[in-house]
Amino acid sequence: MSLLHRLFKAMDRVSPAPVADAHCDIPCGIYDPHHAQLAAHTVIRMVDLLGQLEHPGADATLAQKKEFHSKIARYTATKEQHAETYKQEVRVLWGDYFKPEHAQKFPELHDLVWKALKAGSKGRQEVNLAAAEDMLKDANEIARIFWSTKGVEVVKVKAPYPTERETVYPKFK
Amino acid sequence: MSPALEPGDYVVVNRWAYRRREPAAGDVVVLRDPERAGRFLVKRIVRVDGPGSYSVAGENEGVSRDSRAFGPVHRSAIVGKVWRSARA
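Protein chains in written order, with the working numbering: chain A, 1 to 173; chain B, 1001 to 1088.
Among the hints, erroneous ones may be present.
Unchecked claim - Using C-beta positions, here's what the derived DEER-type ranges look like: (1) A1024/B with R13/A: 33 to 41 Å; (2) K118/A with R1068/B: 37 to 45 Å; (3) E1059/B with E67/A: 49 to 57 Å; (4) G1038/B with K105/A: 29 to 37 Å.
Calculated directly from the structure, the hints in this document are not laboratory data. Quick caveat, the model's predicted, so the values are computed rather than measured. Even for Gly, the Cβ is constructed at its ideal location relative to N, Cα and C.
I would like the entire structure built from these sequences, with the hints used as guidance.
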């Protein structure tokens, strides 16, 4: 690290300088609803795992109590994180990928995205299997529309994860 | 702006650089993003298109979004000239 860079970094800490980007949103064209679908699966899985946790009871050892609380914290943190990822991915598809002509062809798109984001918030806030399943249902529907705009057929099959819920996948030839 | 600038580089911008002279082709400048308010971009001026109007481009042509996408920028969008930079 150059001395000058170190000096600027120190100054930046005291008084942050504005950022100048060399490229703004790169319209890279690389989008995929799979991230949102995966995140929904993770939220479902975390709700399942939280549901399966057994309270160690009043006479549990300290180690058992610690393990119980640690698991709750880990599952909850992961659920939070993936619900947020889900929302982010849905927002990116909506804001960056889908074009006005897509919304015209699929007039249900706006309502669907709105519902997906609401389900994402609920899935994040609560330990709620129905909300988590709604997240996946909406992500699947978004995936169906997404792949349709690409002219790619889809197939709805049981996912090869412990969650085993039906998931929309593209049928690449 | 790779290779002239890399992500994380610090740049010092001279806001008074264009008081005495006009921006010229080759200058690396900081400008206000014409596509998103409140955001700054750093680009190189590649052409003077007319009085007060400049085409800017990134160096990393493959991925840069610049005047090829958003057209020439007005003089008033240019904040200043990059005076020097420091690499991490």
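Against the structure, the hints:
no. : hint                            : in the structure
1   : A1024/B with R13/A: 33 to 41 Å  : holds (35 Å)
2   : K118/A with R1068/B: 37 to 45 Å : holds (39 Å)
3   : E1059/B with E67/A: 49 to 57 Å  : holds (54 Å)
4   : G1038/B with K105/A: 29 to 37 Å : holds (33 Å)
The structure shown violates none of the earlier numbered hints.
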